[in-house]
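Novice: Let the hints inform the model, and build the full structure from the sequences given.
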Amino acid sequence: MAHAQILKESNIDFLGQRRIAAMVSGGLMVICLLSILFRGFNFGLDFTGGTVIELGYEQPVEVTEITATLANEGIIDATVQYFGSNRDILIRIAPQEGEEASAKLSDRVFQLLSANAETAIELRRVEFVGPQVGEELREQGGLAVLFALIGILIYVALRFEWRFAVGAVAALMHDVLFTLGMFSIFYIPFDLTVLAAVLAVIGYSLNDTIVIFDRIRENFRKMRKGTVIEISNRSVNQTLSRTIITSGTTLLVLLALYFLGGEAIAGFSLALIIGVLVGTYSTIYIATAAAVWLGVSRTDLLPPEKEGKVVDNRP
Amino acid sequence: MNQYPLWKNLLILAVILFGLVLALPNLFPQDPAIEVKAESGEVSAATRAAIAAAMENAAVPVKAIEARENGRALIRFTKPSDQLRGQATLDRTLGEGFQHALTQSPDLPGWVEALGLQPMFLGLDLRGGIHVLIDVDMEAAVTQALERYTGDIRTLLRNDRIRYLTVGHEEGRIQVRFREEPLRDEAAKLIRREFRDLEITTGSQAGDYYVYGILPPAKQEEIKDFALQQNITTLRNRVNALGVAEPIIQRQGERRIIVQLPGAQDPARLKDLLGATATLEYRLVDTEHSVQDALDGRVPVGAALYYERNGQPILLKRRVIVTGDQITSAAAGFDQQSGSPMVSVSLDGQGARQMRRVTTENVGKPMAVVFIESRTLTRIVDGEPVKERVRSEEVISVANILEPFGRRFQTTGLDSSEEAHTLALLLRAGALAAPIEIVEERTIGPSLGQDNIDQGFRSVLIGLALVVIFMALYYRIFGLVADLVLVVNLVMIVAVLSLLQATLTMPGIAGIVLTVGMAVDANVLIFERIREEIRNGSTPQASIHAGYDKALSTIVDANVTTLIAAIVLFSFGTGPVKGFAVTLFIGILTSMFTAILGSRALINLIYGGRRVKRLAI
Numbered sequence: 001m002a003h004a005q006i007l008k009e010s011n012i013d014f015l016g017q018r019r020i021a022a023m024v025s026g027g028l029m030v031i032c033l034l035s036i037l038f039r040g041f042n043f044g045l046d047f048t049g050g051t052v053i054e055l056g057y058e059q060p061v062e063v064t065e066i067t068a069t070l071a072n073e074g075i076i077d078a079t080v081q082y083f084g085s086n087r088d089i090l091i092r093i094a095p096q097e098g099e100e101a102s103a104k105l106s107d108r109v110f111q112l113l114s115a116n117a118e119t120a121i122e123l124r125r126v127e128f129v130g131p132q133v134g135e136e137l138r139e140q141g142g143l144a145v146l147f148a149l150i151g152i153l154i155y156v157a158l159r160f161e162w163r164f165a166v167g168a169v170a171a172l173m174h175d176v177l178f179t180l181g182m183f184s185i186f187y188i189p190f191d192l193t194v195l196a197a198v199l200a201v202i203g204y205s206l207n208d209t210i211v212i213f214d215r216i217r218e219n220f221r222k223m224r225k226g227t228v229i230e231i232s233n234r235s236v237n238q239t240l241s242r243t244i245i246t247s248g249t250t251l252l253v254l255l256a257l258y259f260l261g262g263e264a265i266a267g268f269s270l271a272l273i274i275g276v277l278v279g280t281y282s283t284i285y286i287a288t289a290a291a292v293w294l295g296v297s298r299t300d301l302l303p304p305e306k307e308g309k310v311v312d313n314r315p
Numbered sequence: 001m002n003q004y005p006l007w008k009n010l011l012i013l014a015v016i017l018f019g020l021v022l023a024l025p026n027l028f029p030q031d032p033a034i035e036v037k038a039e040s041g042e043v044s045a046a047t048r049a050a051i052a053a054a055m056e057n058a059a060v061p062v063k064a065i066e067a068r069e070n071g072r073a074l075i076r077f078t079k080p081s082d083q084l085r086g087q088a089t090l091d092r093t094l095g096e097g098f099q100h101a102l103t104q105s106p107d108l109p110g111w112v113e114a115l116g117l118q119p120m121f122l123g124l125d126l127r128g129g130i131h132v133l134i135d136v137d138m139e140a141a142v143t144q145a146l147e148r149y150t151g152d153i154r155t156l157l158r159n160d161r162i163r164y165l166t167v168g169h170e171e172g173r174i175q176v177r178f179r180e181e182p183l184r185d186e187a188a189k190l191i192r193r194e195f196r197d198l199e200i201t202t203g204s205q206a207g208d209y210y211v212y213g214i215l216p217p218a219k220q221e222e223i224k225d226f227a228l229q230q231n232i233t234t235l236r237n238r239v240n241a242l243g244v245a246e247p248i249i250q251r252q253g254e255r256r257i258i259v260q261l262p263g264a265q266d267p268a269r270l271k272d273l274l275g276a277t278a279t280l281e282y283r284l285v286d287t288e289h290s291v292q293d294a295l296d297g298r299v300p301v302g303a304a305l306y307y308e309r310n311g312q313p314i315l316l317k318r319r320v321i322v323t324g325d326q327i328t329s330a331a332a333g334f335d336q337q338s339g340s341p342m343v344s345v346s347l348d349g350q351g352a353r354q355m356r357r358v359t360t361e362n363v364g365k366p367m368a369v370v371f372i373e374s375r376t377l378t379r380i381v382d383g384e385p386v387k388e389r390v391r392s393e394e395v396i397s398v399a400n401i402l403e404p405f406g407r408r409f410q411t412t413g414l415d416s417s418e419e420a421h422t423l424a425l426l427l428r429a430g431a432l433a434a435p436i437e438i439v440e441e442r443t444i445g446p447s448l449g450q451d452n453i454d455q456g457f458r459s460v461l462i463g464l465a466l467v468v469i470f471m472a473l474y475y476r477i478f479g480l481v482a483d484l485v486l487v488v489n490l491v492m493i494v495a496v497l498s499l500l501q502a503t504l505t506m507p508g509i510a511g512i513v514l515t516v517g518m519a520v521d522a523n524v525l526i527f528e529r530i531r532e533e534i535r536n537g538s539t540p541q542a543s544i545h546a547g548y549d550k551a552l553s554t555i556v557d558a559n560v561t562t563l564i565a566a567i568v569l570f571s572f573g574t575g576p577v578k579g580f581a582v583t584l585f586i587g588i589l590t591s592m593f594t595a596i597l598g599s600r601a602l603i604n605l606i607y608g609g610r611r612v613k614r615l616a617i
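Those sequence lines, one after another, are chains A and B. Mapping to my numbering: the first sequence position 315 is 315, numbers consecutive. Mapping to my numbering: the second sequence position 296 is 296, numbers consecutive.
Some hints here could point you the wrong way.
Chain A regions said to be covered by chain B (calculated; three or more residues, Cβ under 8 Å) [claimed, not checked]:
#1 105-116
#2 120-126
#3 129-140
#4 219-228
#5 245-252
#6 262-268
Please keep in mind that the hints were generated in silico from the structure rather than gathered at the bench. For every residue, glycine included, the Cβ atom is placed at its ideal position computed from N, Cα and C.
Specialist: If you want it as structure tokens, here you go:
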């Protein structure tokens, strides 16, 4: 058959490397966890509260001038930076005390700068999040991740077997921790869309894992010979080209999104890029290894009564 | 082998055609437009003609003026700048009784409109506009209710001549203090009979006898619910007065209200108006006592110290003649004699009677108008948010009562005509039942919205193009089939979004992009299976059959788990996260349809039912 192929039939001993993989992953997890605990996140406005104002000037402006104008009026916690060009300005103001904590602050800033500018300024974007909302979003975000994991644990346990469910969730937690860890270590701004991306990573990584588990189950039923390790290895290899192609096409799209989608979803795409990469790795090295390590066996997966016949896989 | 029965092919074709028709309205451009609404009845043909004439006079090019089914008129423009000039022209042309609002309207041909089809509903981040999340101070609603009860109890006891020491409330409990036990018991009986909502208990402490009243939890919930509903109504009235097309005002959770105004561009004015609590009170001036004494701390009984806008202190009687609640309508204008801004108000029946009685009894004496505003702020104290209420009361005018007056009269003393307009609007819209605070705001300017659309669609197209090229190169004929169903999938997503009128946001576009990446996964799974079967020596037809068959359960499993994630995102997420979850959810469902059934149908048409030597895969 003359078709393009990324991989010829591969036969890599993935599970043979499971101890090295476990050590590498374990080390990374510890680093990520330490960073999350001690360094924390560069939480965006959604979680900390505060104000972001994006302005469009008709002529190039100096950042220092704007900072000075604001400081003159007592707005000192403001970070002023260019946003794309030297006519576009982004102002971030940390949550304020008292009167200034209200949604009115952005109006004051806009009036102030309008009065000081020679030409009209365009108010391109204002985002204000009150402190209580930020706290709620942090809480809800954590809960969402937790519930997604629990929901998936239940589904996989029902559909396969508890050892697979634990393996899948271990891989998911690995991916979530790693993605979060990268955002913490490199101090990349973490906003609501990044949280959404982390949840999407859970869905995506699981997708990958399920495909391999499905194959392992099928092979257990089909192949009478072979140890658990051999069959698992075989399954990972059989699905390898699919794993790589799907990750590849998803990455293609994500890269387009990252470079062309604009600032608003850059964090989102980055989180998914990290997640897809680590998800592909964890599918191969973590999920299956965890299930094997927990002692999954052929009898666990054989259909209870209809012996021999490959039955429809529905429960 | 590998042939779908005719009905199945037709069904798939029908679904796809249906999707195409639903997605069709999105192809038509959105016109900048202005919607004109008559406060009562319809916008007549005569009015439309008058608008057309005025536009022509002002040299504003108009694309069309249409009568809408809901009795409103829609003026279409070709350019946003024309739209803004058109708005200015309308301001001058249309008198009282009309409202107009900027909007965008797709220019659909008659037959599309006749089918009732709508394009996707774009979120604020894509079309520009203002989103605010409002927190209703529920505790204040309950406190206000307690205050009403204490006032009513005081009146009740006074009318029945039961002597009490104090009436007040503390920590959610009403307390009435008496000197003697029999008085207390009599009062308790009376209060229990008159206020069935309250749970009444009695007690004694430090030689005094008490009646306690608390609001049962169910009643408190009722009060809170009412406050929220009332606030939504009031906010809706206020927003409608602003003239924004398609405003969204809805409840979120226990104590929040979302207000979304597509296309609105003045967040400062909106926020002032939403949060404003300005109202009026009419009181008699206390001329019998000395202001100086009050300033020194000896405020006479039945009077209270106020300040005028220029800082002048003034003593007013405690009793209020009429409050803002009793005002049924209000309009701003200018006083004919002085030319200063004024608000003319009309009172309801009870308010009018009270006003007539008090002014008749007090002709020649001065009456004051108090302007009341209150705000809620959240401060961070020791890292915890704490709510703080600030109430300001100013006397805006003092004038002698020249003759008794009743239902309609004017109030002057306002700083500017802007303030008069706002006050009139607030009085008309009704008061807020509980103080509110804006806890979140997201404003997107119209040009940024357009940028977002352009960037979003460009990244979708480029991502799609990359995947399409890869698939065609890698899987050849099968790849082309996958590409075709991928495009159909996009059309289906757009169709479902249009049908449900779900809001498409920027994260929503990201969700679509992600589905594009993941949608090919189903086909990759199938194609890899087919290749495997071929390698194992199966015939081409058997390989196709086995490939689709064996991949099915894997695809379903993989998609169901992603669906779980999407559902969790939807139920926990707010705003941007929800938008992403919606398109992800829809995308997974449509991709299962197109990637499994759609691609199979096509492959069957190409290879099915004939002898095939080799597959181009």
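Novice: What hint numbers does the structure not satisfy?
Specialist: The structure breaks only hint 4.
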